[in-house]
Amino acid sequence: MQNYPIHTDDQLLQQLYASDEKAFAEIYNRYWKSLYTSAHNILQVKDAAQDAVQEVFISLWKRRQAIQVEVLPSYLHQAVRFQVFKAIRAEKTDQHFFSRLAQITKDILIEDPLLFKELETLYQRLIHALPPDEQEIFLLHRDGGLTYKQIAAQKNISVKTVEKKMSRALKELRYGMDDAMVIALVSSAALMLK
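Heads up: take any position in the sequence shown, counting from 1, add 2, and you land on the numbering used here.
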């Protein structure tokens with residue numbers, strides 16, 4: 003009988019690749035708490051953090067024979083950050099989107115300032131690529147701090163129109179940043195493994 007708690011991560015990975023459920027359980031027991039803490043620190047929602055961690059372990063099990071992991075803790079923490087990003091991307095409100103995006107970009111800034119500068123440049127390009135009316139409304143809200151009602155009054159349009167234009171602008175920014183954030187997360191993972 004094997005004593006899994008004393009196995010190294012590399013030994014557990016080899017056993018995981020061979021579909022050893024007890025090795026998988028040991029990996030889960032070793033890392034779930036730190037992964038949950040990382041996810042919860044950003045998401046601030048217990049259920050969402052638990053879901054992110056659960057998705058990481060489901061993916062690890064499903065892809066166990068196709069993946070090659072160099073450093074298990076780095077791989078798992080990078081995977082949970084990706085799941086956190088996916089959860090943020092799915093959020094509907096702009097306030098949550100931008101505060102969470104700010105947290106992720108802060109993490110990237112600490113790990114790789116050059117990558118952060120590239121993301122910031124992309125973000126500015128995406129804003130400038132918005133249709134002029136959407137760009138103006140977006141900037142009045144984000145930079146000017148105006149409410150939707152104040153923007154509607156200033157532009158002599160309905161609040162509903164402001165909401166629709168903000169929704170479209172945010173959707174464009176989310177989609178534009180999605181690929182870049184995935185690349186950023188993968189790039190920062192590569193840096194951590196060096």
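Note that these hints are calculated values from the structure, not bench results. Take these hints with a grain of salt, some might be off.
Said to hold, decoys possible - Straight-line C-alpha distance at most 20 Å; calculated SDA-like pairs for lysine to any residue:
hint, residue 1, residue 2
1, K173, T149
2, K157, L142
3, K173, Y150
4, K151, D135
5, K64, Q16
6, K35, Q4
Verification of the supplied hints:
no., hint, in the structure
1, K173 to T149, "holds (19 Å)"
2, K157 to L142, "holds (11 Å)"
3, K173 to Y150, "holds (17 Å)"
4, K151 to D135, "holds (16 Å)"
5, K64 to Q16, "holds (15 Å)"
6, K35 to Q4, "violated (24 Å)"
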